[in-house]
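The chain contents come next:
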Amino acid sequence: MKIKALLFVCALIFAPWVMADEAKPLEDPEIKERFKHLASELRCLKCQNQTIWDSKAGLADDLRKQIRTQIYAGKSDDEIVQFMVDRYGDFVRYKPAVDAKNLFLWIGPFIFMLVGGLILVRYIKIRRAQSSEAEDIISEEDHLRAKEILEQGGDK
Amino acid sequence: MSRRILPIVVVVVFAVMMGFFYKGLQLDPQKLPSALIDKPAPAFHLPQLHDVSKSFSPEEMKGKVWLLNVWASWCAACRSEHPLFMQLARKGDFPIYGLNYKDQRPDAMQWLKQLGDPYIASFSDLEGNVGIDFGVYGVPETFLIDKQGVIRYKHVGPVSRKDWIEVIEPKMKELNG
Chain A
1 MKIKALLFVC ALIFAPWVMA DEAKPLEDPE IKERFKHLAS ELRCLKCQNQ
51 TIWDSKAGLA DDLRKQIRTQ IYAGKSDDEI VQFMVDRYGD FVRYKPAVDA
101 KNLFLWIGPF IFMLVGGLIL VRYIKIRRAQ SSEAEDIISE EDHLRAKEIL
151 EQGGDK
Chain B
1 MSRRILPIVV VVVFAVMMGF FYKGLQLDPQ KLPSALIDKP APAFHLPQLH
51 DVSKSFSPEE MKGKVWLLNV WASWCAACRS EHPLFMQLAR KGDFPIYGLN
101 YKDQRPDAMQ WLKQLGDPYI ASFSDLEGNV GIDFGVYGVP ETFLIDKQGV
151 IRYKHVGPVS RKDWIEVIEP KMKELNG
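Protein chains in written order, with this note's numbering: chain A, 1 to 156; chain B, 1 to 177.
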């Protein structure tokens with residue numbers, strides 16, 4: 001009975017080490033940093049708004065394993081990302097690359113801003129020209145009449 | 001002049017955006033285009049589910065149009081497409097092979113025993129590494145591979161009768177020429 005209790009206590013004490021098994025600390029901090037960086041840049045395809053680093057899905061687990069294996073096999077970061085893109089497409093990049101296909105998405109907002117700005121400037125210029133024209137149309141005489149009418153209106 | 005052009009520009013931009021929304025909002029974000037379309041099917045050697053001593057490689061299928069269905073006994077959606085595959089297997093027009101993805105052999109064999117086995121052969125991808133090579137991100141997935149061993153189409157999720165009749169079967173017939 002006592003032994004059983006002792007074993008139970010031992011199990012409790014050592015439980016955290018057993019639990020920590022999945023996230024084994026990697027020996028080399030440089031590799032650890034690369035692993036974390038890569039896993040955070042790749043999307044988990046199963047739970048699309050999470051990175052492979054964040055996700056608990058089985059697929060993310062497999063892909064983490066894959067990244068780790070490839071780091072140890074001496075692959076460069078670009079090679080590992082390319083490996084994923086070849087299999088899962090560009091969507092796997094959490095941070096999309098700038099290339100010919102999506103260039104418009106990158107610079108589109110700036111183009112819209114530029115076009116919008118130009119239209120605004122033109123519009124303001126036209127309005128200004130119109131209002132100064134309007135001033136010219138009204139003669140001195142009309143001005144005085146208008147003033148008169150306004151003042152009379154005020155007396156009523 | 002700009003007074004006349006401006007409304008036209010606004011209407012055109014609006015129409016284009018509506019067009020994108022009309023198309024875009026109907027897409028299922030869970031269904032991703034495969035990066036492997038029109039690329040050669042990745043090579044692999046896997047033991048067959050029913051006979052571990054025999055292996056299978058897609059090379060053997062050169063000259064045939066065939067389906068590779070990714071399935072697992074733990075996959076609930078696989079059950080819904082299974083009767084269709086059984087029917088297709090009985091018709092026997094196209095060879096269907098199974099990639100048994102991240103499954104336990106006894107479970108997989110039990111599953112086939114219970115529901116029937118539409119596959120000419122299934123291969124065990126215990127670690128899911130072949131799955132990664134094929135860009136599998138959810139089960140079931142079905143690949144259509146042509147005579148040259150090139151992946152021509154990928155269906156994500158269970159294949160419905162409609163998918164089969166409207167999309168996959170015509171493609172297979174076309175490839176069979």
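Where hints are given, some of them may not hold.
[As the list claims (entries may be wrong)] In silico DSS-like links for lysine-lysine, alpha-carbon gap of 27 Å or less: (1) 162/B / 75/A; (2) 64/B / 39/B; (3) 64/B / 46/A; (4) 102/B / 101/A; (5) 23/B / 56/A; (6) 31/B / 95/A; (7) 171/B / 65/A; (8) 65/A / 23/B; (9) 46/A / 39/B; (10) 95/A / 39/B; (11) 64/B / 75/A; (12) 171/B / 54/B; (13) 54/B / 101/A; (14) 46/A / 91/B; (15) 173/B / 46/A; (16) 56/A / 171/B; (17) 113/B / 65/A; (18) 101/A / 39/B; (19) 101/A / 64/B; (20) 91/B / 23/B; (21) 91/B / 113/B; (22) 23/B / 95/A; (23) 102/B / 36/A.
It is worth saying that the hints were derived from the structure and are not from the lab.
In this text the structure is predicted, and so the values were computed from the model without any measurement.
So, going through the hints one by one against the coordinates:
1. 162/B / 75/A: 44 Å, violated
2. 64/B / 39/B: The given pair, whose Cα atoms are some 16 Å apart, holds under the 27 Å limit.
3. 64/B / 46/A: 32 Å, violated
4. 102/B / 101/A: Judged against 27 Å, a Cα distance of about 35 Å means the pair is violated.
5. 23/B / 56/A: With a Cα-Cα distance of about 32 Å, the restraint between residue 23/B and residue 56/A is violated, given a limit of 27 Å.
6. 31/B / 95/A: Holds. Residue 31/B to residue 95/A sits at ~20 Å (cutoff 27 Å).
7. 171/B / 65/A: Not satisfied, since the Cα-Cα distance of roughly 36 Å exceeds 27 Å.
8. 65/A / 23/B: 37 Å, violated
9. 46/A / 39/B: 23 Å, holds
10. 95/A / 39/B: 25 Å, holds
11. 64/B / 75/A: Between residue 64/B and residue 75/A the Cα gap is close to 36 Å, so the pair fails against 27 Å, i.e. violated.
12. 171/B / 54/B: 31 Å, violated
13. 54/B / 101/A: Distance ~44 Å between residue 54/B and residue 101/A Cα, so the pair is violated.
14. 46/A / 91/B: 34 Å, violated
15. 173/B / 46/A: This hinted pair is violated, its Cα atoms lying about 32 Å apart.
16. 56/A / 171/B: Violated, at about 37 Å.
17. 113/B / 65/A: Distance ~33 Å between residue 113/B and residue 65/A Cα, so the pair is violated.
18. 101/A / 39/B: Holds, at about 19 Å.
19. 101/A / 64/B: 34 Å, violated
20. 91/B / 23/B: 36 Å, violated
21. 91/B / 113/B: Distance of about 20 Å is within 27 Å: holds.
22. 23/B / 95/A: 24 Å, holds
23. 102/B / 36/A: 25 Å, holds
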